[in-house]
Structures are given as structure tokens and as C-alpha cells.
Amino acid sequence: MPKSISLLIGSLIGIVCLVGIYYGAQYYQNLITGSNEGILNDGASTRDTSAASDSLENSTNWSKYENSTYKYSIKYPSNASLSYFDTAGNEIKSESNKAGCAKITYDSGSIIVSADSKPNYCIIASKPKGYSTLKDVINIKGVAYETTGYFEESANSLNQILNLEYSDEIFIQYSISTPKDTDIDFDKAKSVIEMSLKTFIKS
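Note that this note's numbering numbers the sequence shown so that position 117 is 318, with each residue one more than the last.
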């Protein structure tokens, strides 16, 4: 084999080795920093959290709901809608700071904040038929809250319903639902809802 060809092959092998070392180091660093960290659950897949940082940058311009009766506030994107529940469980649009339950509806999910001592009229209290149990973790103002709920992955959709006991007075239920095999991204939908939850403040 001519010396020039041997030199070329050796150079190519060296380049391949350097590329392998570089990407191996990147993978190891991701493991150490936890950037690929998944979520605690009993069957739901891990998710891409990159969309959450996009939401964080935009959340300063979000709308804000403040409830003066129950002393809490939460932010939500301008394309989401706000509604309330009366004590009979009817969803209404008229604003009332005395409403025990407020609901923020997104393109692919919702957040319900209940400040009522008996919230069953505005939240899903029992496991829906066909759903499996699910555990998740959400951080609000530096505090990690373990949430429990349900998920379903059917041939046509992905669905999650999660419950968070914020305090003795505040109960939060958030849900995500997206069709499968469409342009709607489940992970992004969930990251936007989680970003809203991270703006929740109880005074």
C-alpha cells in the first residue's frame, strides 16, 4: 500500500476517534448535569424539556389572574382562556374573585385551581375508565411537589390528569391532551402548562 494512502487512512481514523471522544464527552456531561432527566412515573415516557425554557422567556408578557378572596395569582399565555365554576359545577365566563374554582384552558390542556374545601364539583376526583395511575413532580417557587393522577395512551391520543395538593386550602388539577401523529407536540404542551404552574403564588 502506498505511503500516501496509509497516511490518509490513518488521518481519517484519527478524525473519527476525535469526533467519538467529543460526543462521548457531551453525553457524559448531559448525564452529570441531568439535562436528559426524565419524570417519575409508572409508564409515561420521558419528555423534552427544551420548550420550557422558551416559555420561561415569554412568560413575562403573559396575562395574570389574581384572586383577592383566596389570595393567590397565576400567569398564563394570552392565547389561553379563563373561566370559573359555580357551586353547581357549571363552567361560567363571568369573572368573580369569590369563585372557589378557576380554570385556565390552553390549546392542549387546562389548569384548575380550587380554593374550595369541597372541590369535587370542579375537578375529576376519580380515575377515568381506561386510565392508568401516574406520578409526577413539579417545582413551584423552589419547592418540589409530588403529584398523582392518571394517564392514557390510546391509538389516537395522549392524555394526562394530575392532582397537586398545594396546601390545606389550595388544590390544583392540571391536564394535558393531544392527538397522536399530529403537529401538536405533547411535550411542548406540557411544558407550557408547567411554566404556568411555576408562576403560581399564594400570599
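Calculated from the structure, these hints are not laboratory results. Positions of the beta carbon are idealized from the N, C-alpha and C atoms, including for glycine. Warning: the hint list may mix true and false statements.
Below, a list of computed lysine to any residue pairs in the SDA-like style, where the Cα atoms sit at most 25 Å apart [claimed, not checked]:
id: 1; residue 1: K399; residue 2: P278
id: 2; residue 1: K403; residue 2: I341
id: 3; residue 1: K403; residue 2: D369
id: 4; residue 1: K272; residue 2: S282
id: 5; residue 1: K265; residue 2: E370
id: 6; residue 1: K276; residue 2: N321
id: 7; residue 1: K330; residue 2: E347
DEER-style ranges, computed between Cβ atoms [claimed, not checked]:
id: 8; residue 1: Y322; residue 2: S358; range: 19 to 27 Å
id: 9; residue 1: K330; residue 2: T270; range: 20 to 28 Å
id: 10; residue 1: S327; residue 2: S368; range: 16 to 24 Å
id: 11; residue 1: N280; residue 2: Y346; range: 25 to 33 Å
id: 12; residue 1: D287; residue 2: E366; range: 21 to 29 Å
id: 13; residue 1: S404; residue 2: N357; range: 24 to 32 Å
Each hint, compared with the structure:
no.	hint	result
1	K399 x P278	holds, 13 Å
2	K403 x I341	holds, 11 Å
3	K403 x D369	holds, 12 Å
4	K272 x S282	holds, 20 Å
5	K265 x E370	holds, 21 Å
6	K276 x N321	holds, 24 Å
7	K330 x E347	holds, 23 Å
8	Y322 x S358: 19 to 27 Å	holds, 26 Å
9	K330 x T270: 20 to 28 Å	violated, 35 Å
10	S327 x S368: 16 to 24 Å	holds, 22 Å
11	N280 x Y346: 25 to 33 Å	holds, 26 Å
12	D287 x E366: 21 to 29 Å	holds, 23 Å
13	S404 x N357: 24 to 32 Å	violated, 42 Å
Checked against the numbered hints above, the structure violates hints 9, 13; every other hint is satisfied.
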